[in-house]
Amino acid sequence: MSIKKWLSIASCTLFFSANMAIAQEAGGNLVYIVQPEPPSLAPYLSTSGPIGLVAPKIYQGLLDYDLELNIVPELAESYEISDDGLTVTFKLQQGVTWHDGKPFTSADVQFTIMEVLKKFHPRGPNSFKEVSEIQTPDDHTAIFKLDRPAPYMMRAFAGYESPIVPKHLLEGKDIREADLANNPVGTGPFKFVEWKKGQYIRLDKNEDYWKEGLPYLDRLVARVIPDASTRTAAMESGEVMYGAYGAIPNVDVVRLREMDSIGITTEGYSMINPMALLEFDTTKPPFDNPAIRNAISTALDRQFFIDNIWFGYGKTATSALSSNFAPTGLYKESPNYPGKPDIAAANKMLDDAGITANSDGVRLTATLDLIPYGEDWRRAGEYIKQAIGDIGIDLDLRYEDVPTWIKRVYGDYDFAMNLNYFYQLPDPVIGVHRHYGTDQIRKGTPFVNSSRYSDPELDALLVEGATSSDPEARVGIYHKIQDKLSADQPVVNLFELQFITVFNNKLKDHDFSAMGSYSSFDRTWLEK
Amino acid sequence: MNHSAKRVRYVLKRLLQSIPVVIAILVVNFFLLHLAEGDAADVLAGEAGSATPEYMAQLRSKFGLDKPLPVQLAIYLKNVLSLDLGYSFRHDMPVAKLVFDRFIPTLLLMVSTILLAVGFGVVLGLLAASGLNTWRDNLISIFALITYATPLFWVGLMMIVVFSLKLHWFPTSGMENVAMFYEGWDRVKDIAHHLVMPTITLSLFYLALYTRLMRASMLEQAGMDYVVTARAKGLTERRIVFVHILRNALLPVVTMAGVQVGALIGGSVIVESVFAWPGLGMLAFEALFARDLNLLLGIFLLSALLVVAINLIVDIIYSFLDPRIEVS
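If you're matching them up, the sequences are chains A and B in order. Counting along the first sequence from 1, when you hit position 364 you're at 364 in my numbering, and nothing is skipped either side. Counting along the second sequence from 1, when you hit position 67 you're at 67 in my numbering, and nothing is skipped either side.
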């Protein structure tokens with residue numbers, strides 16, 4: 001028996017007819033916040049957050065994921081995985097055209113995965129590592145041939161993560177240089193019209209969209225507003241109606257959520273799974289000693305960050321994996337992540353490890369680098385300095401600008417301890433492995449294993465986790481991985497960040513997908 | 001030689017003199033910018049989420065960052081002399097187009113701010129000086145002190161709270177209504193509507209400066225011998241103030257305005273940020289953090305040219321205000 005998933009027309013129609021009951025209204029222009037301004041509109045080259053807020057309205061993926069993380073059809077109407085897990089067959093939607101009128105076919109899928117994402121996308125080489133070939137027996141069938149099973153790959157087909165791009169506009173060109181980056185042409189519900197740098201990106205309704213009767217909105221305008229207080233004011237005045245990924249700072253969210261005209265949600269981030277954490281240089285003293293890293297993990301009050309710096313939004317880390325992986329069974333609550341800080345226990349760990357204090361009570365001094373993504377992280381650094389000071393570790397804080405910080409941590413490895421956050425993404429293979437594997441010690445590459453933690457036993461487990469096609473077996477493997485990571489703590493995970501989406505209550509059905517604000521907005525509508 | 005020919009010669013001479021100045025500005029800035037840690041490739045890769053070392057090397061060679069600094073400088077200067085400002089790899093656009101697109105909003109904001117600040121500053125300074133130590137003088141001086149001492153971003157935010165959120169008179173931010181995209185005259189009106197609050201906010205600060213300067217300058221001139229002479233001739237007070245004193249008192253104000261145009265481009269970053277005004281200040285600010293050196297140098301070049309031009313214009317205005325000052 002093969003695992004067969006027929007999604008397509010039946011479930012799709014059901015979904016729409018169920019929703020029709022609320023009577024969506026067509027028309028209207030949605031102005032929403034994109035901040036900072038995206039560097040380009042090339043989601044096939046960069047996973048930069050602001051690109052995700054705009055590009056998935058233009059480009060689509062083969063699949064999408066609902067709020068319960070179930071796979072739903074997008075450009076693929078169905079898919080089928082063979083028993084051995086080595087063949088994945090996608091049936092593509094009929095009658096889909098690119099914004100320039102050319103038909104969308106399986107050749108576009110083949111080209112996108114093999115020639116674009118696998119070569120140029122930051123995460124594509126990982127997601128599609130096992131894909132050796134894509135066969136296109138006809139225009140609407142794409143057969144992925146894998147070297148080894150890759151169950152995690154099925155979580156990477158959303159429009160933001162793996163956008164399908166037009167072969168006829170990229171073939172034979174230098175993919176990174178192509179004009180498509182600033183003039184995107186996709187299959188999505190909205191067409192690119194104009195980008196006024198420093199002001200807005202304008203997208204108009206795609207009248208020939210392949211989903212009947214969609215999209216509801218006539219126009220999307222992504223506005224750039226540099227100042228956080230002004231963004232809040234524009235949201236209050238109704239000039240903008242939607243802002244995600246902390247566009248409205250938590251301090252203002254607390255005030256805006258009391259307003260009748262404004263709603264907030266923390267849904268739509270379950271494929272992102274951001275985790276705040278501390279990285280250590282595990283190759284040099286003092287932090288090459290796991291006892292010290294464990295002591296730090298034990299001495300920190302994780303709830304303090306959430307209550308006092310992030311205004312109550314967030315969830316304390318209880319393992320190296322986000323608790324959002326609980327539905328898949330992969331997550332396991334781990335030791336060394338105490339619910340309450342335990343200074344005595346942390347001191348004892350250091351004493352047992354022979355780290356003694358001098359006459360001032362200082363055991364060691366180090367510099368803590370802070371991720372330069374805003375004031376919250378500075379506050380967090382100040383708290384860490386104070387909390388760790390209680391166990392005799394004296395920290396200096398360092399806050400630099402983004403290029404300097406990236407070069408220091410990932411280019412020169414010139415750091416001891418670094419406050420950071422990582423997206424764990426929809427599967428640990430895509431988001432978590434890059435932080436711990438020996439093969440992920442890639443000098444000069446940002447957001448990989450900068451701790452330079454290397455452990456053959458863990459490496460073997462990571463390979464098993466990536467290639468096992470049996471969900472039950474994966475559960476066991478990932479529990480072992482978490483045990484190993486919580487014993488060694490090459491990275492001390494602090495808390496699961498909760499991003500907040502703020503919206504005007506006239507805007508409906510904006511977060512219908514697990515991708516949240518990174519979705520297509522085709523079902524989103526405005527109440528008159 | 002007649003007067004206007006002299007003036008043309010003077011302008012040409014000044015322009016020639018400014019060429020080495022502008023080149024020196026570029027060279028100094030070039031080396032200063034290269035002192036910063038990290039480069040455009042680091043930023044792009046950081047934003048992209050991840051990148052291979054080969055890709056980073058490829059980026060650097062594409063940006064020309066792998067060549068020695070003096071070679072990079074020589075290439076840049078050669079391009080600038082052939083009027084090519086280079087390419088912004090971050091924006092994937094030629095620098096000239098990017099800078100020009102943002103120059104128009106900056107010019108709008110700058111010109112309206114200077115006009116408002118100088119215009120009102122002169123009037124208020126005049127009123128204060130002519131009613132020395134009366135309630136009028138005190139009121140204007142206190143107003144000037146308060147506007148000068150208040151942080152710009154706070155004024156901007158308060159304007160938004162009062163005039164956008166409470167009274168709904170003006171939009172909070174931006175340069176035009178992007179939900180509607182007006183055209184023709186409606187668009188002009190729409191942009192003017194959006195321009196009001198940023199202009200007032202930015203000019204409040206400079207207004208205080210000009211008011212104080214004008215007041216002091218008026219008082220200084222009022223004690224001069226020529227004023228005593230004019231009064232002895234039996235001229236009306238009105239004529240003395242408006243024809244004799246005012247013209248002389250304007251000189252320092254004009255000087256100040258000339259100097260500050262340069263500062264306005266940089267000083268408007270806060271106002272541009274608060275009101276999301278798409279000007280050069282914000283562009284420069286972002287370019288710095290993205291290590292987009294071509295773009296930054298392009299903006300510096302433009303500001304340098306602007307300052308040179310404005311100073312020249314100021315010198316010419318001098319000669320009109322005070323014919324004793326000769327251009328030569």
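It is worth saying that the hints were derived from the structure and are not from the lab. For each residue, glycine too, the CB sits at the ideal point set by N, CA and C. Be a bit skeptical, because a hint or two may be false.
If you want the footprint, here are the derived chain B segments under chain A, 3+ residues with CB under 8 Å [unchecked claim]: (1) 93-104; (2) 231-238; (3) 275-285.
Evaluation of the provided hints:
no. : hint    : verdict
1   : 93-104  : holds (count 4)
2   : 231-238 : violated (count 0)
3   : 275-285 : holds (count 6)
Hint compliance for this structure: hint 2 is the single one not met.
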